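Residue numbers (the working numbering), protein chains in the order written: chain A, 1 to 247; chain B, 1 to 247.
Please note that a few of the clues may not be correct.
A pair holds if it fits inside one copy or across any two, identical chains being indistinguishable in the list.
Said to hold, decoys possible - With a Cα cut of at most 25 angstroms, we get these calculated DSS-like pairs of lysine-lysine:
{"no.": "1", "residue 1": "Lys102", "residue 2": "Lys214"}
{"no.": "2", "residue 1": "Lys144", "residue 2": "Lys156"}
{"no.": "3", "residue 1": "Lys214", "residue 2": "Lys80"}
{"no.": "4", "residue 1": "Lys156", "residue 2": "Lys18"}
{"no.": "5", "residue 1": "Lys144", "residue 2": "Lys59"}
{"no.": "6", "residue 1": "Lys205", "residue 2": "Lys8"}
{"no.": "7", "residue 1": "Lys176", "residue 2": "Lys237"}
{"no.": "8", "residue 1": "Lys8", "residue 2": "Lys214"}
{"no.": "9", "residue 1": "Lys18", "residue 2": "Lys154"}
Rather than coming from a laboratory, the hints here were simulated on the basis of the structure.
Owing to the predicted nature of the structure, the values given are computational and were not obtained by experimental measurement.
These are the residues of each chain, in order.
Protein chains: 2
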Amino acid sequence: MLNNITNKKTVEICFSPKLFPYILTKNNYIIVIVDILRATTSICAAFDNNVQEIIPVAKPENAKKYKGTGYLIAAERDGKKLDFADFGNSPFYFRKKQVRGKTIVYSTTNGTNAIECSKHYGTIVIGSFLNIKALSDWLIKQNKNVVILCSGWKDKFNLEDSVFAGALAEDLLNNKNFKSDCDSVTAALDIWLLAKNNLLEYIEKSSHRHRLKKMVLDDVLEYCFTLNSTNVIPILKGNALIDCSKI
Amino acid sequence: MLNNITNKKTVEICFSPKLFPYILTKNNYIIVIVDILRATTSICAAFDNNVQEIIPVAKPENAKKYKGTGYLIAAERDGKKLDFADFGNSPFYFRKKQVRGKTIVYSTTNGTNAIECSKHYGTIVIGSFLNIKALSDWLIKQNKNVVILCSGWKDKFNLEDSVFAGALAEDLLNNKNFKSDCDSVTAALDIWLLAKNNLLEYIEKSSHRHRLKKMVLDDVLEYCFTLNSTNVIPILKGNALIDCSKI
Numbered sequence: 001m002l003n004n005i006t007n008k009k010t011v012e013i014c015f016s017p018k019l020f021p022y023i024l025t026k027n028n029y030i031i032v033i034v035d036i037l038r039a040t041t042s043i044c045a046a047f048d049n050n051v052q053e054i055i056p057v058a059k060p061e062n063a064k065k066y067k068g069t070g071y072l073i074a075a076e077r078d079g080k081k082l083d084f085a086d087f088g089n090s091p092f093y094f095r096k097k098q099v100r101g102k103t104i105v106y107s108t109t110n111g112t113n114a115i116e117c118s119k120h121y122g123t124i125v126i127g128s129f130l131n132i133k134a135l136s137d138w139l140i141k142q143n144k145n146v147v148i149l150c151s152g153w154k155d156k157f158n159l160e161d162s163v164f165a166g167a168l169a170e171d172l173l174n175n176k177n178f179k180s181d182c183d184s185v186t187a188a189l190d191i192w193l194l195a196k197n198n199l200l201e202y203i204e205k206s207s208h209r210h211r212l213k214k215m216v217l218d219d220v221l222e223y224c225f226t227l228n229s230t231n232v233i234p235i236l237k238g239n240a241l242i243d244c245s246k247i
Numbered sequence: 001m002l003n004n005i006t007n008k009k010t011v012e013i014c015f016s017p018k019l020f021p022y023i024l025t026k027n028n029y030i031i032v033i034v035d036i037l038r039a040t041t042s043i044c045a046a047f048d049n050n051v052q053e054i055i056p057v058a059k060p061e062n063a064k065k066y067k068g069t070g071y072l073i074a075a076e077r078d079g080k081k082l083d084f085a086d087f088g089n090s091p092f093y094f095r096k097k098q099v100r101g102k103t104i105v106y107s108t109t110n111g112t113n114a115i116e117c118s119k120h121y122g123t124i125v126i127g128s129f130l131n132i133k134a135l136s137d138w139l140i141k142q143n144k145n146v147v148i149l150c151s152g153w154k155d156k157f158n159l160e161d162s163v164f165a166g167a168l169a170e171d172l173l174n175n176k177n178f179k180s181d182c183d184s185v186t187a188a189l190d191i192w193l194l195a196k197n198n199l200l201e202y203i204e205k206s207s208h209r210h211r212l213k214k215m216v217l218d219d220v221l222e223y224c225f226t227l228n229s230t231n232v233i234p235i236l237k238g239n240a241l242i243d244c245s246k247i
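Based on the sequences and whatever the hints tell you, model everything.
Structure (structure tokens):
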């Protein structure tokens, strides 16, 4: 019994990439990258539409170097597509006929930055509401400590990533092999409990939801907050994300 | 009317000293330092008991230099009194007969670090549940942008500081001269709404509450979560905190 308790794996939530160094008390993590509006939702959409692989790139100038090499480039800053890119950050760009079998180079304001700052500290996996059930089932099977890393907005706390983090933490903590003594988890669980019965209404309070509205980019809202539309598990292998549910 | 809207002052919450650089979009802030368990509660207790001034010092070795100079030294790390100090971090040490008319040099794990990292960016004022109503009334009078800076636990998010931040933000946003589009404020308000009807029960979920319990230092709980026991407004002038409610 004691063995059972001490062998439990931890769940932690990190509300910003800038806080990531301060939660590193153990190694051999699985790190779930979260950027609900819109990078990690779009990555799940792309894999659901059979993209071959996605190369996340933190700096736009490094994404630009791939121009003309045969890769598709998706790149945005502050919500807007960059001029050299084939498309921006909406999951609606990542349709089957555009992405099937392709490699995409991808650079976004927050999500790819979160991957960059954490990728040397464990296995990187991509989370969104689209794949939340498949992801929690997969995480439970791995039997490792989990950090849910919210990309936030320019290194600040954001609401939509935190709500997702609470939802995923709830799934994990419902399994007896996980435990948490992390205050971020406690807070995110409470926010998720307030949000879960009407997620879209709750997300009306998010500042980024209104930022997207001003830019007429909020057509994605319902899509981004639809649960379990795919079973993909995008993980980072080398410099590229691949769908490990198909391996 | 337009003028009225544009002149509204902002309320922001920063959940960790490490996130403070990322909220600095304006200057001329008032920065409310929060470390409910226990530094900012103890500072309010000390001023309520007529301490003359408190010199916050981030590094314990710098606090030690004051030894033998006639000042009282309060210093702790990880909840424990440091050996060179006259007393630790419990508000119960800061009683009238000990502190009246004295100068205290004060160094703590989280609270004095938060003062150190923010003191060059605006007016520093100390917040706790003990002085929350007096503080919100004072902040409303100042007519400046407010950042509520949670000290957290070793640069991580913590629950009790965030609950307080939500309570103070609620008071400010009930005043028509304040506005917020900060997701941290939205989340903290929601956490405060869940906590407010039974604050001590909610704080049972805080990891630091259990850390204090293990060290038999949790006798302070009820005191730290008692609202409006004092009207002191400790602000930083030069290198020392003084009570500006008496000026």
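Cross-check of the supplied hints:
1. Taking CA atoms no more than 25 angstroms apart as the test, lysine 102 paired with lysine 214 passes in neither setting, with 32 angstroms inside one copy and 55 angstroms between copies.
2. Taking the shortest Cα distances, lysine 144 and lysine 156 sit within 25 angstroms of each other only across copies (21 angstroms), while inside one copy they are farther apart (27 angstroms).
3. With identical chains, the CA atoms of lysine 214 and lysine 80 are at most 25 angstroms apart within one copy only, with a shortest distance of 12 angstroms there and 51 angstroms across copies.
4. For the homomeric pair lysine 156 and lysine 18, the shortest alpha-carbon distances inside one copy (8 angstroms) and between copies (10 angstroms) are both at most 25 angstroms.
5. Taking the closest pair of Cα atoms, lysine 144 and lysine 59 never come within 25 angstroms of each other, the shortest separation being 30 angstroms inside a single copy and 36 angstroms across copies.
6. In this homomeric assembly, lysine 205 and lysine 8 come within 25 angstroms of each other (Cα to Cα) only across copies, at 19 angstroms, whereas the closest approach inside a single copy is 35 angstroms.
7. In this assembly of identical chains, the alpha carbons of lysine 176 and lysine 237 never lie at most 25 angstroms apart, being 29 angstroms within a copy and 52 angstroms across copies at closest.
8. In this homomeric assembly, lysine 8 and lysine 214 come within 25 angstroms of each other (Cα to Cα) only across copies, at 21 angstroms, whereas the closest approach inside a single copy is 45 angstroms.
9. For the homomeric pair lysine 18 and lysine 154, the shortest alpha-carbon distances inside one copy (10 angstroms) and between copies (13 angstroms) are both at most 25 angstroms.
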